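So you can see what is in the structure, the chains are spelled out below.
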Amino acid sequence: MRAPLSQFGVESPSSLEDALARMEASGGRLTPMAGGTDLYVYLNAGSIEPGRWIDIWGLDELRGIAEDKTHYLLGALTTYSQIRKSPVMQQALPLLVEAAATVGAVAIQNRGTLGGNIANGSPAGDSLPSLLVYDAEIDVRSVRGSRSVPFHQFYTGYRASVLAKDELIERIRIPKAAAARAGASRFIKVGTRAAQAISKVVGAFALHRGEDGKIDRCRVALGSVAPVPCRMTQVEDHLTGQTLDGELIASAVELLDEGIKPIDDIRSTARYRRFVSLRVFERFLQESRES
Amino acid sequence: MKNREILELEVNGHRRQTAARPYDVLLDVLRDGLDLTGTKRGCDMGTCGCCTVLMDGKPVLSCLTLAGQCEGKAITTIEGLKDGAHLHPLQKCFADAGGSQCGFCTPGFLMTCTALLEKNQEPSDGEIREAISGNMCRCTGYVKIIEAIQQSAEVLRARKAGNEGQADV
Numbered sequence: 049m050r051a052p053l054s055q056f057g058v059e060s061p062s063s064l065e066d067a068l069a070r071m072e073a074s075g076g077r078l079t080p081m082a083g084g085t086d087l088y089v090y091l092n093a094g095s096i097e098p099g100r101w102i103d104i105w106g107l108d109e110l111r112g113i114a115e116d117k118t119h120y121l122l123g124a125l126t127t128y129s130q131i132r133k134s135p136v137m138q139q140a141l142p143l144l145v146e147a148a149a150t151v152g153a154v155a156i157q158n159r160g161t162l163g164g165n166i167a168n169g170s171p172a173g174d175s176l177p178s179l180l181v182y183d184a185e186i187d188v189r190s191v192r193g194s195r196s197v198p199f200h201q202f203y204t205g206y207r208a209s210v211l212a213k214d215e216l217i218e219r220i221r222i223p224k225a226a227a228a229r230a231g232a233s234r235f236i237k238v239g240t241r242a243a244q245a246i247s248k249v250v251g252a253f254a255l256h257r258g259e260d261g262k263i264d265r266c267r268v269a270l271g272s273v274a275p276v277p278c279r280m281t282q283v284e285d286h287l288t289g290q291t292l293d294g295e296l297i298a299s300a301v302e303l304l305d306e307g308i309k310p311i312d313d314i315r316s317t318a319r320y321r322r323f324v325s326l327r328v329f330e331r332f333l334q335e336s337r338e339s
Numbered sequence: 004m005k006n007r008e009i010l011e012l013e014v015n016g017h018r019r020q021t022a023a024r025p026y027d028v029l030l031d032v033l034r035d036g037l038d039l040t041g042t043k044r045g046c047d048m049g050t051c052g053c054c055t056v057l058m059d060g061k062p063v064l065s066c067l068t069l070a071g072q073c074e075g076k077a078i079t080t081i082e083g084l085k086d087g088a089h090l091h092p093l094q095k096c097f098a099d100a101g102g103s104q105c106g107f108c109t110p111g112f113l114m115t116c117t118a119l120l121e122k123n124q125e126p127s128d129g130e131i132r133e134a135i136s137g138n139m140c141r142c143t144g145y146v147k148i149i150e151a152i153q154q155s156a157e158v159l160r161a162r163k164a165g166n167e168g169q170a171d172v
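Protein sequences appear in the order of chains A and B.
For the first sequence, this note's numbering gives the first residue as 49, with consecutive numbering after it.
For the second sequence, this note's numbering gives the first residue as 4, with consecutive numbering after it.
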């Protein structure tokens, strides 16, 4: 069924400044729209109310991949296709490239944006665990100024975030130090099929060992097992400073079992999600141990 | 016609004007505004690939693309694929190989494959499978589709070799 769109309007700002001014002036009633790959799914189905939208797709200042001395910088409108094709991303942020390759298929990847994945805030968002593993920081901006939020503190609840109604995501910054110390890493997505699927479980893991063989940096990030994509810090803390052996793997998997809260929904069951999450994590640790 | 504005789009090499509401998606503008009904509405939720068109040469899903975002871009639909009276090799090969049965998914497949063969005229079966992973076909089982794409690639390579041969003379 088509949505009743009569109260619906779209504003087309000419620049980022213009967009921020309009968002402020609207009193928080404008919702940003970029590639539309999430929004129009809901609008076409009539499952969200028509509203007022601000079309930011044309704001080239929010697009593209760059780097400075300390960070990789991804404009909010950077598409999954751009991430996949970037030699810098392939070399430095393979978990993000792998995640980008599993979003929909090519036509979605040409239009879906990293900023959109973050703003949409689905716990199943494919890029989000990878961003957590790389300690991403989200630069947000409004007419009131700019601020940076560590991504692991960005969400406050199911599809809720610290983003104020007049703020836009400007860019995603990834510390080069975090990327360089990812170590052994793995992206996993379990869906109904390889393409065009929304995740039943999505995750990214990274484990770095020092010269003494002990784990000195570890990230365990999962989506679709809690109301928000999240880092399992208890598991990370448990592993850090230790040597990976069979006993440690077993206790880490046990901690993960306690830490996740998957639910039953249209895409999967809590039982399946729990089983798969634990298995893929255990397999990652075992493979890391052997390598 | 309340709340409509004139939208100017470049479709299949022609400047076209039509009245559209600001929130209309490209699919509706193509089908209802410009009478280009070759582009099909399948799932209307970005899953089936039937509505695939090219925006500046890249496949996009017209059911999820705000029409206003297409101003200043070159849009190519299935109607723009043939060259005068000559079918595009993809069209000919899909017909010959049985890559099109009920035909509803075919325009989307052809647009996706046009972009693929534009950048890669020697695709492996794996590359083809990845490229078409967003297009669903419930008739063919995909085998004949992949055959048709390989045959098209062959025709395009032969054509290119022919052109280069002529240039050398």
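Simulated from the structure, these hints should not be mistaken for lab results.
Keep in mind that a hint or two might mislead.
Partial selection, computed: residues in chain A whose CB lies under 8 Å from chain B [as the list claims (entries may be wrong)]: (1) Gly57; (2) Ser60; (3) Leu68; (4) Glu72; (5) Ser74; (6) Ala155; (7) Gly205; (8) Gly239; (9) Ala243.
Bear in mind that the values here come from a model prediction, so they are computed numbers and not experimental data.
Every residue gets a Cβ at the ideal spot worked out from N, C-alpha and C, and that includes glycine.
Hints and how they fare:
1. Gly57: holds (6 Å)
2. Ser60: With a minimum Cβ separation of about 7 Å from chain B (threshold 8 Å), the hint on Ser60/A holds.
3. Leu68: Cβ of Leu68/A sits 20 Å from chain B, so the hint is violated.
4. Glu72: At 21 Å from the nearest chain B Cβ, Glu72/A fails the 8 Å test, so the hint is violated.
5. Ser74: violated (15 Å)
6. Ala155: For Ala155/A, the interface hint holds, since the closest Cβ of chain B sits about 4 Å away, which is under 8 Å.
7. Gly205: Interface hint status for Gly205/A: violated (26 Å vs cutoff 8 Å).
8. Gly239: violated (12 Å)
9. Ala243: Holds. Min distance 3 Å.
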